Amino acid sequence: MNASAAFALPGPGPAAPIVERLDALFDRAFGQRLNPWRHLGALGFLSFWICCASGIWIYVGFDTSATGARESLAAMDRNAWPLGAFARALHRYSADALVAVTALHLVRELSRRHYAAFRRFAWLTGIFALALMFAAGIGGYWLPWDQLAQWSLTATTEWLDALPFFDGALTRNVIAGDQVNDRFFSLLIFLHIGLPLAMLAAMWVHVQRVSPARTQPPRALAWGTAAMLAALALAKPVSLMPAADLGLLPATIPLDWFYLFPHPAMAWLGPEGLWAATAAFFAGLAALPYATRVPRAPVARVNLANCNGCARCFADCPYDAVVMVPRTDARPHLRQAQVDANLCAGCGICTGACPSSTPFRRDEALATGIDMPSATIGGLRARLEARAAALEGGPRIVVFGCRWGAGVASLEGHSTAAIEFLCAAMVPPSFVEYALRAGADGVLVAGCREGDCEFRVGDALVAARLDGGRKPSLRSSVPRERVRYAHAGLTDLDALRVELDTFRTELSRLGPRAARHTLPPKRQEKHHG
Amino acid sequence: MNRAFRYVLQALLYGAFAAALGYFSTAPAFRPLPPGYALIRLSLNHAGQRKVACRMRTPEELAKLAPNMRAAEDCPRERAPVLVKVELDGAPVADIVAKPAGFSRDGASVAYRRIPVAAGTHRLRVALADDAAGTFDRVREEQVRLEPGRVLVIDFEPGKGGILIR
Numbered sequence: 001m002n003a004s005a006a007f008a009l010p011g012p013g014p015a016a017p018i019v020e021r022l023d024a025l026f027d028r029a030f031g032q033r034l035n036p037w038r039h040l041g042a043l044g045f046l047s048f049w050i051c052c053a054s055g056i057w058i059y060v061g062f063d064t065s066a067t068g069a070r071e072s073l074a075a076m077d078r079n080a081w082p083l084g085a086f087a088r089a090l091h092r093y094s095a096d097a098l099v100a101v102t103a104l105h106l107v108r109e110l111s112r113r114h115y116a117a118f119r120r121f122a123w124l125t126g127i128f129a130l131a132l133m134f135a136a137g138i139g140g141y142w143l144p145w146d147q148l149a150q151w152s153l154t155a156t157t158e159w160l161d162a163l164p165f166f167d168g169a170l171t172r173n174v175i176a177g178d179q180v181n182d183r184f185f186s187l188l189i190f191l192h193i194g195l196p197l198a199m200l201a202a203m204w205v206h207v208q209r210v211s212p213a214r215t216q217p218p219r220a221l222a223w224g225t226a227a228m229l230a231a232l233a234l235a236k237p238v239s240l241m242p243a244a245d246l247g248l249l250p251a252t253i254p255l256d257w258f259y260l261f262p263h264p265a266m267a268w269l270g271p272e273g274l275w276a277a278t279a280a281f282f283a284g285l286a287a288l289p290y291a292t293r294v295p296r297a298p299v300a301r302v303n304l305a306n307c308n309g310c311a312r313c314f315a316d317c318p319y320d321a322v323v324m325v326p327r328t329d330a331r332p333h334l335r336q337a338q339v340d341a342n343l344c345a346g347c348g349i350c351t352g353a354c355p356s357s358t359p360f361r362r363d364e365a366l367a368t369g370i371d372m373p374s375a376t377i378g379g380l381r382a383r384l385e386a387r388a389a390a391l392e393g394g395p396r397i398v399v400f401g402c403r404w405g406a407g408v409a410s411l412e413g414h415s416t417a418a419i420e421f422l423c424a425a426m427v428p429p430s431f432v433e434y435a436l437r438a439g440a441d442g443v444l445v446a447g448c449r450e451g452d453c454e455f456r457v458g459d460a461l462v463a464a465r466l467d468g469g470r471k472p473s474l475r476s477s478v479p480r481e482r483v484r485y486a487h488a489g490l491t492d493l494d495a496l497r498v499e500l501d502t503f504r505t506e507l508s509r510l511g512p513r514a515a516r517h518t519l520p521p522k523r524q525e526k527h528h529g
Numbered sequence: 001m002n003r004a005f006r007y008v009l010q011a012l013l014y015g016a017f018a019a020a021l022g023y024f025s026t027a028p029a030f031r032p033l034p035p036g037y038a039l040i041r042l043s044l045n046h047a048g049q050r051k052v053a054c055r056m057r058t059p060e061e062l063a064k065l066a067p068n069m070r071a072a073e074d075c076p077r078e079r080a081p082v083l084v085k086v087e088l089d090g091a092p093v094a095d096i097v098a099k100p101a102g103f104s105r106d107g108a109s110v111a112y113r114r115i116p117v118a119a120g121t122h123r124l125r126v127a128l129a130d131d132a133a134g135t136f137d138r139v140r141e142e143q144v145r146l147e148p149g150r151v152l153v154i155d156f157e158p159g160k161g162g163i164l165i166r
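Here the protein sequences line up with chains A and B, keeping their order.
All the letters of the first sequence, read from the start, carry residue numbers 1 to 529 under the numbering used here.
All the letters of the second sequence, read from the start, carry residue numbers 1 to 166 under the numbering used here.
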């Protein structure tokens with residue numbers, strides 16, 4: 001690591017390589033950009049919206065009385081209500097898909113230790129949304145008022161009755177035939193509308209501290225998922241059980257295990273055991289950010305003497321940790337950047353976005369407008385200059401790597417200089433040009449796998465900046481054939497070596513750079529008042 | 001990788017996900033009761049009698065009270081717990097002590113029990129006590145035939161004949 005050893009920096013969790021290898025399997029089918037593992041949260045949103053849309057369609061044709069509910073759904077299954085059977089099946093399977101992708105999302109984020117520090121807010125609100133998801137989903141199974149509904153509702157009230165303050169009062173409402181009346185049924189319907197709305201609010205809060213929130217999967221993936229759910233709904237319509245009969249328990253129940261697994265669990269554990277398991281599960285998740293020690297990267301620092309209030313750091317920060325505030329010094333700019341230490345991930349993306357991070361500046365001690373204490377831009381320039389000057393032999397390559405991706409340090413050689421940044425998007429494009437002028441024949445920027453940036457959007461920002469589509473961009477005068485951007489995750493070092501060799505071969509064909517400048521240039525001491 | 005091959009792989013992965021959704025949305029089926037079993041649910045919501053009977057205050061006691069507090073009758077609020085015993089073919093299957101609700105223990109006693117029993121014909125005896133002495137003065141005994149999967153509810157409603165079996 002090229003960052004200062006004085007700082008304890010976070011790193012990937014022990015399970016991260018396993019998850020990444022699993023990711024790689026899906027890369028083969030979907031490619032890196034469309035890999036569904038990298039869009040699980042967005043797929044959750046998509047499933048939720050499909051579930052809402054199909055639910056609204058069902059509700060229009062639904063009889064909201066206890067006596068008429070099942071018959072109205074049976075009519076839908078006969079398609080007396082247009083697309084009724086399809087909408088019912090789509091509603092079921094999209095809700096199930098929501099549980100599946102949410103569970104995978106949770107496991108994936110857990111394996112990457114994405115629960116502490118600046119992610120704690122999203123983690124805790126996500127747990128809350130998770131609980132609401134199950135509450136909303138289980139309540140949906142009561143509305144057909146068939147034998148499954150009756151059994152699920154009774155099992156739920158039995159579970160709640162294990163709490164001391166209910167003590168049997170709730171189940172009493174649902175075990176006698178004449179007691180599930182329309183008024184009580186209206187309450188169940190209200191729950192199945194209110195709880196998903198509460199869940200939507202929780203999902204909205206869940207993504208408040210990321211910018212931009214990725215709540216929509218890539219279009220191809222969204223269409224693929226929607227088509228898959230539609231095909232499943234057509235191939236396997238859902239069916240109703242016989243009408244609820246509180247004097248009868250069916251011998252077998254076709255259980256939706258995505259939502260209703262707590263009922264069998266209660267049969268095995270007992271109501272008190274299920275409460276204990278539920279409390280342990282949610283308390284365990286909620287305690288993770290506090291109980292485990294994940295080092296926190298030092299946060300970005302604003303250097304007002306070099307900040308002109310251009311707001312590029314504000315625009316690129318993936319966690320809304322940078323805000324623009326009125327100027328507090330005498331410099332003739334309207335605004336200045338300000339870092340919220342609680343939200344800052346310490347990724348350095350802001351440093352890569354700052355125009356003052358250009359290494360061409362003649363200041364002896366390079367300081368930029370917003371810098372990272374654990375890897376200052378001045379220190380990185382000094383390292384680049386030292387390593388570039390020592391390059392020898394064949395095509396000379398400077399590799400700028402991300403410390404969360406393939407460890408580029410092992411690529412170091414007599415003709416290869418490897419410099420790690422906190423994130424690939426911390427590399428200012430001017431560093432690429434500077435490296436070429438400093439003696440490199442080519443520059444390889446190695447970021448995480450596409451769509452898999454530890455800091456959400458770093459890979460996309462690097463690509464846009466190198467392509468010239470986002471400022472600060474790589475100048476058009478820089479020969480693009482000498483610049484390569486590679487996606488190399490934690491377990492992709494071998495693939496990165498192959499990429500480096502290929503690049504070296506191509507550079508050999510191009511020949512050495514026509515003109516090499518002597519760097520570093522003449523420096524000057526500069527003092528800002 | 002060949003684009004057609006990738007599409008085939010995608011289709012397989014979508015298909016696997018769909019198959020998992022389709023299967024686990026209804027299977028494996030769950031048996032809420034073991035085969036050949038029925039279920040007795042005992043549900044009770046009944047206020048026991050007062051633990052200490054009401055009595056008339058003496059004139060001396062009344063004189064000691066503030067004028068606006070001089071109620072002739074003194075009725076301690078606390079109620080007796082409701083006791084229920086259920087026997088099936090002479091064997092006890094439930095022995096419940098339902099405490100009154102509330103901080104002052106003056107509310108109704110609520111109880112719920114779920115008692116799986118083998119299907120068949122049984123002699124069911126339910127006895128209930130709601131006074132401070134715990135006298136089981138309300139008893140109902142009858143022969144019940146429980147088919148597999150049948151749910152029988154035991155309730156207590158003094159206004160509808162006391163112990164109900166339905």
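Please note that a few of the clues may not be correct.
[Stated by the list, open to error] Label pairs and their calculated CB-CB ranges:
1. B:Val-144 with A:Ala-267: 19 to 25 Å
2. A:Leu-187 with B:Arg-77: 29 to 35 Å
3. B:Cys-75 with A:Leu-197: 34 to 40 Å
4. B:Glu-61 with A:Glu-272: 43 to 49 Å
5. B:Ala-53 with A:Leu-197: 32 to 38 Å
6. A:Pro-164 with B:Ala-53: 28 to 34 Å
7. B:Lys-85 with A:Thr-67: 49 to 55 Å
8. B:Tyr-23 with A:Arg-335: 27 to 33 Å
9. B:Asn-68 with A:Gly-68: 51 to 57 Å
10. B:Arg-105 with A:Glu-272: 21 to 27 Å
[Unchecked claim] Taking beta-carbon pairs under 8 Å as the criterion, some of the chain B residues facing chain A (in silico):
11. Ala-4
12. Phe-30
13. Leu-33
14. Leu-88
15. Gln-143
16. Val-151
Simulated from the structure, these hints should not be mistaken for lab results.
As the structure is a prediction and not an experimental result, all values here were calculated from the model.
Yeah, the Cβ is synthetic: ideal placement off N, Cα and C, and Gly gets one too.
Flag every earlier hint the structure violates by its number, smallest first. 3, 5, 7, 8, 11, 14 and 15
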